[in-house]
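K.L.:
In order, the protein sequence lines correspond to chains F and H.
First residue of the first sequence: 1, per full-length UniProt numbering; consecutive thereafter.
First residue of the second sequence: 1, per full-length UniProt numbering; consecutive thereafter.
In case anyone wonders, no lab produced these hints; they're calculated from the structure.
Quantities reported herein were computed from a predicted structural model and do not represent experimental measurements.
Be aware that a few hints might be false.
What the hints assert, rightly or not - Some chain F residues judged to face chain H by a derived CB distance under 10 angstroms, without partners named:
1. His58
2. Gly186
3. Thr256
4. Ile262
We treat Cβ as the ideally placed atom computed from N, Cα and C, and that holds for glycine.
There are 2 protein chains.
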Amino acid sequence: MRIAIDAMGGDHAPGLIVQGALEAAKEWPDVQLVLVGDKTAIEPLLKEGLPSNVTLHHADEVIGADDEPVRAVRRKKGSSMVIAGQLVKDKQVDAMLSAGNTGALMTTGLLVVGRMEGIERPALAPILPTMGSGGVLSLDMGANMDAKPEHLLQYAIMGSIYRAKVHGVQNPRVGLLNVGSEAKKGNELTKAAYELLENAPIQFVGNVESRDVFDGKCDVLVCDGFAGNILLKAMEGTAGAIFSTLKEAFGSSLLTKLAAAIMLPKLKTLKQKLDYKEHGGAPLLGLNGLVIKCHGSSDAYAVKNAVRQARIALQANLTESISAEINRK
Amino acid sequence: MRIAIDAMGGDHAPGLIVQGALEAAKEWPDVQLVLVGDKTAIEPLLKEGLPSNVTLHHADEVIGADDEPVRAVRRKKGSSMVIAGQLVKDKQVDAMLSAGNTGALMTTGLLVVGRMEGIERPALAPILPTMGSGGVLSLDMGANMDAKPEHLLQYAIMGSIYRAKVHGVQNPRVGLLNVGSEAKKGNELTKAAYELLENAPIQFVGNVESRDVFDGKCDVLVCDGFAGNILLKAMEGTAGAIFSTLKEAFGSSLLTKLAAAIMLPKLKTLKQKLDYKEHGGAPLLGLNGLVIKCHGSSDAYAVKNAVRQARIALQANLTESISAEINRK
């Protein structure tokens, strides 16, 4: 299996991206990696030369974090991200990873890689943290702002297959993000989606309120990209506000500094648990090939982990399985 | 000014509701209070008899926390909540308060009190906490699930007037809840609302992401009721999950219990700060009279505070000011 890595995307590109790729290549000799990026920047990082299962594909341009996504993808045809997408499109690789500009990667997925037949809207599906260990695969977290009930149905099917194939969750429980737990609650979108989900080939467990997401009531959470973004960033903002206030409180006197010293390891664990960035790359589901968004702050470990994730998905024929289910009806 | 109080609504009704009303009556002799509820339950609470500025209006029925809102309001015409609403409708009082069933109160507002002329959808407007002291008046937090851009414009105007008249905020900053800070971001609703807000007679400060709500970037936050509910409950759920994990961590050994003892006062302050229930009653704006939703867990202090809030709003001619602005265009 062949995986392209956008070596130029992310806060630590190309250094830690290339390092992660080399570590992954060593760990999984059955994987062929293609590093896409500026060879003058990458070659100096390859002190021991290229391993036999890694190739370098030169790209002149880079899409930056502040580039306007659609414009950047249209104009920067020679960028590492767009070229990696083109390699997926041309079936020269089976998957691509990038820690670059999220909007641009979603656009690359849509305009370069292309939608899977039968899918109307691809969805971004990160794992949100739960207080238990499993997390919840949540989609759509921002690829598509105005969803229709049928899109939510497709998200549910894709998320369910991903969770089963990649995470080994048997018969994943699918919840619908909503304003109340009762069946009749919601806006027009969720009320219509509820009926579709009840009749879908998934284990639908009903509505889930945003305050209950942490409880792990479902393995897959379905919502439109607008609501998903509000949810994700509200969780992030609340946790951030609490931790910064705690930090201040712990630093206010000698005694509280003592308390801080005692609590530090536990607080660190909690902070990591709550950080959705810790939970691996987010697949962009519904495309003609596998695209994984790694967080912008990804280090070598995160990149290696994303390769592991892509490898499992490819071994399990994820894309083909989704396509078969979507086009079965 | 005359204010009706639903004496039977809330977790601590009628005991603490009546107690709060009596304290308010004592503090503000210029207010006439009407206690609406079952006289056999209320009379034993009036050990010193009724103060001269309090009257008792008997109501046979009660709408419970689990009653289906629309059905309850339609069928229980003799309930304390519906009768209080009817008193507002008939101009026998200027305002009403209730700590009862939120859905039923919104329905009472719509079906009994009635919409203000020119207003398409009333909105529920609680104060969400911010890390600074002011909080942010946020609307709509659940009265209306499917909003149009024009509704968001009306929310902005109503919220702005409320914040100025009741909280004394000069020229309140109004933000639009959205998925990014740039002007072109959002779904169809927020993109269209953005243009309307730019041209409205308010101080529009642009889009606000859910992760930035705590920062106090605006005094009024506008959104549709679905997104508002997702935001509110995500903040609540995240804070709850963090505090319960902290509690566990603090209880895990003798040393951490020591740390807990040191930190307890600060943690309590933080918890209160984050609790939107601490921030007074939430007005239901856009009705033919003032309706204030007190939190279900309201005690005497909260009820007294809600009377204070209603008194300020009535003194400032809130409803008339909103009506004048809405119908000016």
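K.L.:
Each hint needs a verdict: does it hold in this structure or not?
P.N.:
Comparing the hints with the structure gives:
{"no.": "1", "hint": "His58", "in the structure": "33 angstroms, violated"}
{"no.": "2", "hint": "Gly186", "in the structure": "6 angstroms, holds"}
{"no.": "3", "hint": "Thr256", "in the structure": "6 angstroms, holds"}
{"no.": "4", "hint": "Ile262", "in the structure": "4 angstroms, holds"}
Hint 1 from the list above is the single one not met by this structure.
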